[in-house]
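K.L.:
For the record, the sequence lines run as chains A and B.
Just so it is clear: in the first sequence, position 297 is 297 by full-length UniProt numbering, and no numbers are missing.
Just so it is clear: in the second sequence, position 504 is 504 by full-length UniProt numbering, and no numbers are missing.
Hints listed in this document are in silico derivations from the structure and should not be mistaken for laboratory results.
You can't tell identical chains apart in this list, so a pair holds if it fits in one copy or across any two.
Within a straight-line C-alpha distance of at most 25 Å, the following computed SDA-like cross-link-like pairs (lysine to any residue) qualify:
1. 303 / 8
2. 558 / 244
3. 558 / 106
4. 124 / 510
5. 315 / 6
6. 39 / 349
7. 124 / 551
8. 165 / 18
9. 558 / 127
10. 543 / 603
11. 165 / 16
12. 165 / 102
13. 543 / 127
14. 325 / 19
15. 543 / 246
16. 325 / 536
17. 173 / 6
18. 613 / 457
19. 124 / 559
There are 2 protein chains.
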Amino acid sequence: MPVFTEYSSASRELRVLPSFAPPLPRLAPSVPLDSKTEKYEVVIVGAGPAGLMLDLLLARYGLNDDSLLCVDSKPTTLKSGQADGLQPRTLETLKSLGLADEILTEGCQMWQVAFWNPSADKEKIIERTSIVPDVAVPARFPHEVTIHQGRIERILETDLLRYSKRGVQRNTKLIDVTIDEEGDAEYPVLAEIETEGQRRTVRSKYLVGADGAHSMVRRCMGLTLEGESLDHIWGVVDLIVDTDFPDIRRRCAIHSPAGSVMVIPRERTATGDYLTRLYVQVPGDVDPDNDQQPGDTRARRSKVTEKTIFENAAKAFKPYYIRPKTDGAVDWWAAYQIGQRVTDNFSVKDSKGVNRVFIAGDACHTHSPKAGQGMNVSMMDSYNLAWKLAYSIHGLTPASVSGQPDPILDTYQAERHTIAQELIEFDRAFSSMFSGQIGASEDGVGVRGLNGNKNPITGTDYLSGLLRPGRRLLNVRLVRHADGYRRDLQDDFTSIGRFRILCLTSSDLLYPQGTSARTLAALGAIIPQFPQSILEQVVIHPKLEKDFMWNDIPRELKQYSEMSFYSGYELDDVYSTFGVDPAHGALAIVRPDGYIGIVAELGDVKHVEQYLKTLIRTI
Amino acid sequence: MPVFTEYSSASRELRVLPSFAPPLPRLAPSVPLDSKTEKYEVVIVGAGPAGLMLDLLLARYGLNDDSLLCVDSKPTTLKSGQADGLQPRTLETLKSLGLADEILTEGCQMWQVAFWNPSADKEKIIERTSIVPDVAVPARFPHEVTIHQGRIERILETDLLRYSKRGVQRNTKLIDVTIDEEGDAEYPVLAEIETEGQRRTVRSKYLVGADGAHSMVRRCMGLTLEGESLDHIWGVVDLIVDTDFPDIRRRCAIHSPAGSVMVIPRERTATGDYLTRLYVQVPGDVDPDNDQQPGDTRARRSKVTEKTIFENAAKAFKPYYIRPKTDGAVDWWAAYQIGQRVTDNFSVKDSKGVNRVFIAGDACHTHSPKAGQGMNVSMMDSYNLAWKLAYSIHGLTPASVSGQPDPILDTYQAERHTIAQELIEFDRAFSSMFSGQIGASEDGVGVRGLNGNKNPITGTDYLSGLLRPGRRLLNVRLVRHADGYRRDLQDDFTSIGRFRILCLTSSDLLYPQGTSARTLAALGAIIPQFPQSILEQVVIHPKLEKDFMWNDIPRELKQYSEMSFYSGYELDDVYSTFGVDPAHGALAIVRPDGYIGIVAELGDVKHVEQYLKTLIRTI
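Let's have the full structure, built from the sequences with the hints guiding it.
P.N.:
Put into structure tokens, the structure is as follows:
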């Protein structure tokens, strides 16, 4: 396009580079630069999935390198084995961070589970008894993804380096951590750390131990893991297989007369082959309930080798053969024995009642890997904690005005300890029964309270998307009024730390005196009371009696939701999915972590305002 | 997961890093390192969308920095204005390169077009007469995307740097290019280039001019643009608007009594605002057919300023207001006047008949920007040329055995010149009528020939996906046999330079003596005749009379298509979409650029073999 006159403003550089998440506004004073002591607002110990997720979220929310430090004792991200499963909810979170593409494209999408059991026909030995979907409840991504844990860590760390120049400080281990209010009441957490032999002292307002099952933070804080200590012994191996077993690319639970094997299909490798993970039961295993002689267990454990794992697998697969495709086809193998345990407390307070030290991920809960939940729950611990820490530190909570200990930080323990216990119970049942089918446990607890108002939601099938406090917002497909874009609702709920008002108008939207119009006008008066950009509004309307343009509806709607206003019936039946009667509508508040905080009647703006004011300060 | 025994192989690094596209095998000798002269197999001049796309594809196909050089006279990627539209086919290509995510997520998805015309009601002045989908034919992405051209270039260049250490050699301009067979018959293209004042001579086997509308390569080769010289004068402006016009987020064609404006919604900026592009007709414009006085035109052109563009826009939008949202809200503006022209030849041969110099993109065809086609056609020129150059250079074509000039390189001119002419005609009609609706022109020409066999495809609605040589393969959704993955067919047709056999079996697949089984066995005997990994096989089956496992179907199927074997009826009705009778099935060859080369009857493996052997050498 040959142009003969041209003008260009300097700001266009911004049009070309990758976008950054907008930081949260900061009302608290910024960190003073004090040359005497090394000080941060948050120190994170451990850069596995939990630590990296927390570090990345806090950096995106606006904590810079002067405010935030993450240390890890290892020299690099993980290169071997361990966790490999991402659940649908975690995929949604990664999507909301703009980090799902490589994982969805290059990970293994696991859509089905096959069950193999002993056959009545002796010649067949085993037979497939059923194939079921891997994910039984509605979800934006109706499958799990399996992919190398090190790859997830690399993706998180690569993105972190867009927001943090320092990134993770590696080769750095925690020696000790204490709470020392006398030394510095504002930065009372005192950590001694060591980088390649050099020790130093670091002070912080908060410290988070994401340092794994053997957490030093947990130990220093005197927190203890509660629960049983012993599970069966299992071998696990990642390899490229040669087999005639028909379901090698499905997740399988194989119960054969010769033992049990679980098949987890994995991602394609650079050579074009596909990896497989096998969990193989070690026969003659310890009985967790009766056999508590440490000597017996140790003797049995020492017998687990690559060779015995394959021998056991080969027996369980009969009459099919299975073997490594070539020499060197085994990527990784390990033997493990693990109990289901959860820590009594997930945080420790100072003398004034302020939560100062938190633990997250494997530091709080240990369980077997077979359900593919561990890495997910760990990252979700961080997802739950990050916005609460950021709001409190940035002076966005009411406590930052009142000067009292911030109750928002109490909700981390309240919400995540419940999840951890549910996980442990699920895992215990799963490991024992080895049923292979992921249950649909309640996957999140909201900041409840303040209920007592009338619930506008009809129905009880909460697993299918009904709006409910403490549950995540299900994705639905809708059509945007402004441009006809057929869009996913969750794409208006990105992980940028904002609260959202979700307004499902009733069918009276076109009546200026109707409840819908009055509600939108009232919401338009509430939004400016809060710090700028903290509250976003998403509006959905049911089928109305006629077509309309912007000037037929309240001007506050266009003002706050020009690009987040949708029809909710052309693609998915949103009202029915969410359990909302189009004649009455509903309001919901969605928290920064995608969980529904409260649900209210359409006209009940007071309730919404009251809820928001318990969590966010006004200006 | 505490592990007590662990082993890990060194190769696991490969599991963590981003994947690379596998290079094409190379049967030709590799480039000799000759210290006397700077030599490359391919030199690309220009790093706009056409040049970068070619450079990236060749680098992915396996041409390393010793073999491939791309130079550009500018110091960086484009930062201002110009092209902004990506068509569905281009989005598919970017997806097949793993480069679509940022574009789809952060670009503006343009789903609808609104038409505004003078109203019979004098007070309304203009009124919306219709809203139609922006893309009227089936496509994987049923919308256009608008996004800054500089951003596309940055995305391509960032990916290029994964494959090429050097990347684009910038600040480097072409001074002259000639074909000099006497100096070096194998590297006959002689280019004189200048980097920051330093001149040097570079020899190459092939040189591609992707150096824009004022192409130096075109001029040096004596190629000429044919066509009309003058179009109307238009102003174009990118800005953040403040307006009460209801369709500002839709693509609009506004014909008002006061003139014409085209609205192109654009992406969101870092500040959260949305950009808009306006094309504004300059009134009292030159009449291209009658007014050929250069003086008149020049005088009118000099009158186009930012102020006059807005004045004209404001008049056309009445009764709605439109203005820049703030001072500084104008990103870029330009005035242009352009004719539709196409070059007579897209390549120049040496004395032996070998194509040595090619031109691509704006160097071959110029047209107005309003149809949003330019950048797309330019990148598709490169997509068409890249695999042909790579096959010829890597010794993968029959000519590399025979030593004759490679006829595959003739097909670039044959195929792309037709497209360019179609584009010019479309653009001429579009610019004159300004209808705003993108037609569904035949968007690609295959290597035809070799037809004469019976066509197994029924139907004539070629725009809806019927298999047809010269058309791209439409995406369909299907379920994979091996794992139940609900998958997009196009994800088995990634841009890694491979040919694919697409076999739609008939409903006799389960009969060992049936046509399907015999065809799969015969194909299994053909594949190994060609260089390793060059041919991939994708198999789809219709509904069969019963469920089956791998041992019920030909073993060659699992051998070559374990992870690319699908049921074609559970999601989309693939047979009906492709025009294939499930009772008879069909075969097709899909070229590395996603275009269908030939279609054949299911049993006609001979025809497939014959076609492949004209394009790929056997081993």
